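Trainee: This is what each chain is made of:
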Amino acid sequence: MAAAAVLSMSEIENKAMNIGIDLSTIVFDNIVLPPGDDFGITSDDEDILHEEVAPEFETGYGNVIVVDNLPVVSPEKFAKLEGVIRKIYSQTGVIKERGLWMPVNPGTNMTLGYCFIEFNTAQEAKEAKEKTDGYKLDKSHIFIVDMFDDIERYMNVPEEWTPAEIKPYEAGDHLQHWLTDEKARDQFVIRAGTVTEIFWNDARQLRPDPVYHYQYWIDSFVQWSPLGTYLATVHQQGAIVWGGKSTFNLIHRFPHNQVKHIDFSPGERFLVTYSSQEPSNPRDTHRVVLNIFDLRTGKLMRDFKGSVDDFTTGGSGGLSGISWPIFKWGGGKEDKYFARIGKNAIYVYETETFILVDKKSYKVDNVVDFSWSPTDSILALFVPELGGGNQPARVSLVQMPGKVELRQKNLFSVSDCKMYWQSNGEYLAVKVDWYTKTKKSTYSGFELFRIKEHDIPIEVLELDNKNDKIIAFAWEPKGHRFAVIHGDGPRPDVSFYSMKTGGITARVSKLTTLKAKQANALYWSPAGRFIVLAGLKGFNGQLEFYNVDDLETMATGEHFMCTDIEWDPTGRYVATAVTLVHVMENGFHIWSFNGKLLYRIPKDNFFQFQWRPRPQSLLSPEKEEEISRNLRKYSKKYEAEDQDVSLALSEQDRKKRRVLQEEWETWTARWKQYHEEERELRLQLRDGEPSDDEGSQEQYEAKEVEAEEVLDVHEEIVD
Amino acid sequence: MRPILMKGHERPLTFLKYNREGDLLLSCAKDHTPTVWFADDGQRLGTYRGHNGAVWCCDVSHDSTRLVTGSADQSVKLWDVQTGTQLYSFNFNSPARSVDFSVGDKLVIITTDPFMGNPSTIQVKRIAEDPEDQTSDSVLTIKGPQGRINRAVWGPLNKTIISAGEDSIIRIWDSETGRLLKESDKESGHQKTISSLCMFTDKSHFLTGSADKSAKLWDTRSLTLLKTYQMDRPVNAVAISPLLDHVVIGGGQEAVNVTMTDRRAGKFEAKFYHKILQDEIGGVKGHFGPINALAFNPDGRSFSSGGEDGYVRLHHFDPDYFSIRM
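First to last, the sequence lines map onto chains F and R. Residues 1 to 719 (this note's numbering) make up the first sequence, in order. Residues 1 to 326 (this note's numbering) make up the second sequence, in order.
Isolated chain R (complex conformation) (with noise of 0.2 Å):
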C-alpha cells in the first residue's frame, strides 16, 4: 500500500511511539511540539504545546492517559494525552535524552545529558497518581558512563534498568540500588555510539542499532549476543516486529555527508531483516534524509518512520508481507 506520509513537523523527526492499542501514534521532532495522530489514517490529532527545545523521547502510559517527553529545553514534561495539558514539569540543568515509563506506569526513567560539567545521569521519578501530588524527587539516580546515554529502559519486572549510549557499552543495572549488574562484551559488542534500542514486546529480547553499521540483538536477563544484522550505514534507528520474525533497521549516511552525494547513495531506506536467520528481507524507501525513528505498530500490521526529513511516513502492510517465505 502507499504509505501515508504525515507532514506536521517542521525539523527532523528524533521518535515515534505507538499507545498500547496501536489507534495512536505519537512523533517527536527536533520542533518543540511533540504530536499524536491517528495511526490508522494518519490524521493530526493534536499537539503538545509548551517544550522550548528539541524533543528526544517520549513514552505513553499503558492507559493512554499519561505522556511523558524529555526535550533538550532542560525538562521532562507529563502530559494529559487526551486534552494535551500539561501536567507537571521536571527540571534538570542539563537536556534530557530518554524516557521510559516502568510497568504499572509509576516509575519513569529519564536520562540527561552531560552537559556544562555535569555527567551524564539516569535518573528514577515516581509519577504520582493524582497530578497535584507530583514531587521531583528522584527515586535512583545513577552516574558513571561517559559520554551520552542515549536510552534507558525497563528490564523485565521493573527489577533492572538497561542503558546504552556513546560509550558503546550496553549495561544492566539494578533499578533498587543502582549497582552495575552486566556490562556487555567489547568485543562482540558494538564498535561505536548506540544511537536506539527497541525492547520487544514481552521484555525477553531487545535491539540495539549503532554507527558501527549494525543492530545487535540482546537477551534481556543473561546480556548475552544473540544476533547481529550487519548494514552498510550508520544505524539511527530499529524496531522488532510484535508479529513476525522481522526486525526493521533505519538510518543512512550522516546529515553532514547527505549534500555532497547523490540520493542513492544515502541509503536511506528502512531494512527489514529476518531476525532469526539474519538475512535480509527487503526495503522501504521514501525518505530524503536518514531514518531516525521507526516503531512498529503493536498489532505488527502497520510501522511508522521518521525522517531527518521531517517527515514521518506511515506504512500498512500488503498481505504480501505476511506471506514472506525465507
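Same shape as in the complex, but just chain F (with noise of 0.2 Å):
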C-alpha cells in the first residue's frame, strides 16, 4: 500500500503501542478492513480501479430505449405519432433502420403508450435518454424514458416492500470545535513542499502552534469551506472533505476523477467539482463534467457533462473561456439558487429540486457577465453594446424567482463593466469604461446602486481626474466606504469614498485622497475601518496599514517579493506570503491589523496560505454596538489575560537562557579541564614553545629588526 510509504513503520509501531496492540501478535493477511472504507488509506492500484469502473457487459440492448407515457392513440392516428417521435428522437441520434417499435394491443388495436427505440451506438441511446427523459409532449404527457436495460433491473425490485433498516443514531462530530478555543485564536492551512500543516496563529507567543501535520496529503490544493466547517483536500480520484473536533477525519469522499476545481455554496450545503478532459481528437473541444454533491449526505445530486462551449459566453471556446467558478450561488446563507451564464441566457437552478427555476433558462440576448447580490435573490445582469451604439449596453437587476426586473440602466458607448457587491448587498458598485469622443482611449467611472433604498436610485461617480485609470477597487466589508487606486504612471492615488453622507438624501462623496502611493491591490480588513494598502508584483511588497475612521497611517512596512495577502476572519492580523510564483523569499509574515511584524516564517516550496474562515457572529448588530461602545469593560479582562502571558513568557524565557547558560557552562568547564590535561603534549608538540592560547595570555615583546637586502651591486670604475 502507498500508505506504507509514507508511514515511517517507527510511527506504525508508536501508535500501536498507545493503542495498547502487540505488533508481533499480529497476522496482517487476517486483516480486513470493512467493505467500502479504507479508512482514509487510498491504495496504489485505486487509480485502477477507478479506471475500470463498470466494465461493459455486452447485453446487446444498451442502444436501445423505452420511451413510456406516449399518449395511446388509435391505428389512424399511429402513422402521425410515429413521425413526431422519430422528429424528436433523430436530433439526438440516428435510429436504426425499423428501429422503432411501438407495440399495438392486439384486442383494440390501439397502442400501449410506449414505444421501444434502438440507436446505432449506446452513447447516442444514453444522451437521448438523457436529453428527453421528462419531455413535454403536451400537457399530461411527459416521457419517461430509460435504458432497456435498466427494465430488467427495475423488475427486479421486490414487491413486498420492507422498512429500510434505521441505523441508531450516532452522534457526530463537533465540527465547530475549533471556535471554542479558550484564547480565541484563529487557524489557518498551509502548504509547502509536500507537507500540508494546520496551525493556531499564537500571536501572544508570536509564534504558529501546531494542529495536525499530513505528509503527501494532497495531489494539488486544500481549501477551507466557506465557513470553516471543513477543510477540502483536492486529489486525482476527486475531493475528501476533512473535519473534527481534535484531529481532521474524513467526512466525505467526493468521487470525480482528475478533479481540477472545486467550489462550496456559501451556506456549506454543496461542493462543485469540474473537471475537463482533453478531446482524443484535438479538433473537438474540452469535455466538462460538472458534479453538485450534498455536503452533509455525501450525495451526488445533479451532474452536468458538455463540452466547454456550453459552459462559456463567447464563441470562442476552449480552456481560456471559463471563469471558474460555473456555478455562482444566490439567494443568501441558504443556498437556494445557483446559477450559469450560457450563450443569450441565464440558467438558474433551485436547489429543493435541482432543476431550471421555471423549468426553463432565462433568455437575455447576448449577455456577457452576472453576479448574484451576496444576501439576496437578486441577479445583476450586464449586456453590452451592440449594433454599433444603437442598442445601448445594459445593466439590470433581477429578482428570482420570478424574473423582475427591478432597475435597468442603459449606458452608452461603454466598453466594458465590472459589477462590485458591498458585502451585505446593500450597494451595487458597477465600475463602468467608456469610450472617449474619438473611441480610442476609455475613461472609468462608477454606476453606484443602493439596492436596499425605493425604487434603488443609481448615482453616477466620476474621478476628480476623469482620465485616471482604475487600478483596483474594494467595498468596506459590511460598511458604507468603498476604496480606489487611480492613476497612471508608478506611483498612483488612492481614494477613499463614503455613501453615507449628507442629510436624509444620502449621496456618496470622497473622504481623501491619498497621493503617490506605491500600492496596486486592497486589502480591507474583515470587520471594517482598517485597510492595507498593498504594493505587490512591481512594487516589491510594499504595505501600508491604514485607518479609514480617522484617515490616517497605522503602519507601513515591507515584505519584499510579496504575492498573497489575506486577513484573518476576524481582522486582527494579516498574514503576508511569498509563494512559489516567486522563487526566492518563500515563506510568510504575521502582522497585527496596525502594522506591527510580529513573526516570520520561512518555508522553502511556499504554495498556499489560507486562514480558516469563521461563521458570521451571532451577535446582533445593536450587542456588536453596545461592545464596542464599552469595549474598555470587555478588554480588561482580555489586558489582564495579556499581561499573565507576557510576564509567564519573560519567566520562561529568562529560565530557558538560564539553563542554556548552566548547561553552556559546565560544557566549557569540561572543555578547560581537558584542555589543561593537554597542556604538557601540547608543549611537546611544539617543541616546548608555549602558545598564547596557553592561558597565562603572556605578552609577546615587540622587537625592532632591522633587515637589509642587497638589491643590486654595481661596480663602476672610477678615473
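Source of the hints: derived by calculation from the structure; they are not laboratory data. Wrong hints could be hidden among the right ones.
[Claimed, not checked] With a Cα cut of at most 25 Å, we get these calculated SDA-like pairs of lysine to any residue: (1) K703/F - D80/R; (2) K655/F - T224/R; (3) K466/F - R491/F; (4) K106/R - R491/F.
Only a predicted model underlies this, so the values are computations on that prediction, with no experimental measurement involved.
Once you've looked at the hints, go ahead and assemble the two chains, each given alone in its own frame, into the complex.
Mentor: What follows is the structure, encoded as C-alpha cells:
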C-alpha cells in the first residue's frame, strides 16, 4: 500500500503501543477492512480501480431505450405519432432502420402508450435518455425514458416493501470545535513542499502552534469551506472533505476523476467539482464534467456534462473560456439558487429540485456577465453595446424567482463593465469604462446602486481626474465606504469614498485622497475600518496599514516580493506570503492589524496560505454596537490575560536562558579541564614553545628587526 | 567604524586567515595569487605568485613563517611568508581543496577533490624543518567519503582529523591509523553540502555551515550537536569569536540566482548570533555578492569578510559591540 511508504515503521509501532496492541502477535494477512471503507488510506492500485469503473457488459440492448407515457392512439393516428417520435429522436441520434417499434394491443388495436427505439450506438441512446427524460409532449404526456437494460433491474425490485433499516444514531463529530478555543485564536492551513500543515496563530507567543501535520496529503490543493467547518483536499480521484473536533477526520469522499476545481456553496450545503478532459480528437472541444454533491450526505445531487462551449459565453471556447466558478450561488446563506451563464441566457437552478427555475433558462440576449447579490436573490446582469451603439449597453437587476426586473440602467458608448457587490448586498458598484469621443481610449467611472432603498436610486461617480485608470476597487466589508486606487504611472493615488454623507438624501462623497502611493491592491479588514494598501509584484511588497475612521496611516512595512495577502477572519491579524510564484524568499509573515510585524516563517516551496474562515457572528448588530461602546469594560479582562501571558513568557524566557547558560558552562568547564590535561602534550608538540592560548596570555615583546637586503651590486671604475 | 574595503583580488574570495598574532591577514581568491595584508589598516603587503588556478584555502604556521596554500591547479604550495618565495610544491592529480597545519606545524592535512575518476582524499604530509629536505610522501591517506571534502582540520593534540563536505556528514578519523571513529547523526545533522568549518581556538568545539541554511556547533571530542543557528539563506562561511560568545555566519543566495533578483533579496549580510542562546544579534551589510569567507582576528576585536564580489571588508568593532546585552 502506498500509505505504508508514507508512514514510517516507527510511527506505526508508536501508534500500536499507544493503543495497546502488540504488533508481534498480529498476522497482517488476517486483517480485513470493512468493505467500502479504507480508513482514508489510498491504495496505489486505486487508480486502476477507478479507471475500470463498471466494466461494460455486452447485453446487446445498450442502444435501446424505452419511452413511456406516450399518448394511447388508434391505428389512424399511429403513423402521425410515429412521425412525431421519429422527429424528436432523430435530433439526438441515428435511429436504426426499423429501430422504432410501438407495440399495439391486439384486442383493441390501440397503442399501449410506450415504444422502443434502437439507436446506432449506446452513446446515442444514453444521450437521448438524458435529453428527453421529462420531455413534455403536451400537458398530460411527459415522457419517461429508460434504458432497456434498466427495465430488468427495475423488474427485480421486490414487490414487498421492506422498511429501511434505521441505523442507531451516532453523534457526529463536533465540527465547530475550533471556535471554542479558549484563547480565541484562529487557524490557518499552509502547504509547502509535500507537507500540509494546520496551525493556530498564537500571536501572543509570537509563533504558530501546530495542530495537524500531514505529508503527501494532497495532490493539488486544499480549501476551507466558506464557514470554516470543513477542509477540502483535492486529489486525482476526487475531493475529500475533512473536519472534526481534535484532529481532521475524513468526513466524505467525493469521487470525481481528474478533478480540477472545487467550490463550496456559501452556506456549506453543496460542493461543486469540475473536471475537463482533453478530447481524443484535437478538433473537438474539451469535455467538461461538473458534479454537485450534498456536503452532509455525500450524495451526488446533479451532474452536468458537455463541451466547454456550453459553459462559456464567448464563441471562442477553449480552456481560457472557462471562468471558475461556473456556477454562482445566490439567495444568501440558504444556497437557494445557483446559476451559470450560457449563450444568450442565464441558467438559474434551484436547490430544492435541482432543475431550472420555471423549468426554463432566463433568456437575455448577448448577456456577458452576471453576479448574485451576496445576501438576496437578486441577479445583476450586464449586456454590452450592440449594433455599433444602436442598442445601448445595460446593467439590470433581476429578482429571483419571478425574473422581475427591479432596475435597469442603459449605458452609452461603453467598452466594459465590472460589478462589485458590497458584502451585505446593500450597494452595487458598477465600474464602467466609457469610450472617449474619438473611441481611441477609454475612461472609467462608477454607477452606484443603493439596493435597499426605495426604487433603487443610481448615482454616477466620476473620479476627480476622469482620465485616471482604475487599478483596484474594494468595498468596506459590511460598511458604507469603498476605496479606489487610480492613476497612471508608477505612483497612483488612493481615494476613499462614503455612501453615507449629508442628511436624508444620502450622497456619495469623497473622504480623502492619498497621493502617490506605491500600491496596486486593496485589502480591507473583514471587520472594516482598517485597510492594507499593498504594492504587490512590481512594487516589491510595500504595505501600508491605514485607518479609514481617522484617515491616518498607522504603519508602513515591507514584505519583500510579497505575492499574497490575507486578513484573518476576525480582522486582528494579516498574513502576507511569498508563494512559489516567486522563486526566492518563500514563506509568510504575520502582522497585527495595525502593521506590527509579529513573526515570520520561511518555508521553501511555499504554495498556499489560507486562514480558516469563521461563521458569521451570532451577536446582533445592536449587541456589537454595545460592545464597541463599552470596549474598555470588556477589554480589561483580556488585558489582564495578556499581561499574565507576557509575564509568564518573560519568566519562561529567563529560565530557558539560564538553563542554556548553565549547560554551556558545564561544557566549557569540561573543555577547560581537557585543555589543562593536554597542556604538557601540546607543549611537546610545539617543541616546548608555549602558545598564546595557554591561559597565561603572556605579552609578546615587539622586537625591532632591521633587515638589510642587497638589491643590486654595481661596480664602476672611477677614473 | 567604517569597514576598510580591501581591493586587491580580481575574482571572488574563497578563504581568509589571520596569523596567530593577528597582525597579518591572508586571503585566497579564485584569481591565482594569495595575498597578505596588514590586519590593522588593510594595506597590501604582498602576494604569493606561482599558482595557476583558483586558490581554495590556506594556513599559516604558528610562528608566521610558513604559508601553505591549496589550489585548483592540483598543487599545494609551501611559501616563505616574509619573502614570498615558493619553498615546495606538492603535486596531485586533482584539485586541492583544503589545508590545515597541525599543532606544532610538523604535519599538514590536505584534501583533494574527486576528479577524472579519482575519488576525494584526505592526505597528511610531513613538513620538514628545512625546506631542502621536503618530500611529497604522504604519512596517511584516507579515502571513502563520497563527493568533495570541503574542509578537513586537526582535532585536539593532532590525534584526530575532522572532515566535512558534500555528503553533509561530519566524520572524525584517527590521524594515526586513518580509521573512522565517529559520524554525525543524519537526522539532526546537516541536510545539504557542508561548505565551511571553523574550529574554536582551543579546539574544544567547532562550527559548520551548510547549504541547508543552517550553521551547527559541535563538540570536537564527542561529535555531539550543541547548537543550531537557523538562517534564511545558504551558508558559505562561518567564524567563532575568540573573545565573546558570538558566532558570525555569512552566505547568500547562490550566485546563479543573484542576477535575477534585487540586491535586498540576496541576503549578503554577515549575521551575528549569540553562541549560547542562538539568538540573532545583528548583521553587517556591505557585500554585493554572497559572502564566501569569514575570519575573526585572534584578539576578537575585528573581523573580515570576503565576498563573491571580489572584496575583502575589514571591520573593526565599535566600542558598543563589546557591551551588547542579550
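Trainee: Each hint needs a verdict: does it hold in this structure or not?
Mentor: Now the hints, each set against the structure:
A distance of roughly 20 Å separates the Cα atoms of K703/F and D80/R; the hinted pair therefore holds under the 25 Å criterion. Between the alpha carbons of K655/F and T224/R the distance comes to roughly 23 Å, so the proposed pair stays at or under 25 Å and holds. For the given pair, K466/F sits about 17 Å from R491/F by alpha-carbon distance, which is consistent with the 25 Å threshold. This hinted pair does not check out: K106/R and R491/F have alpha carbons roughly 67 Å apart, beyond 25 Å.
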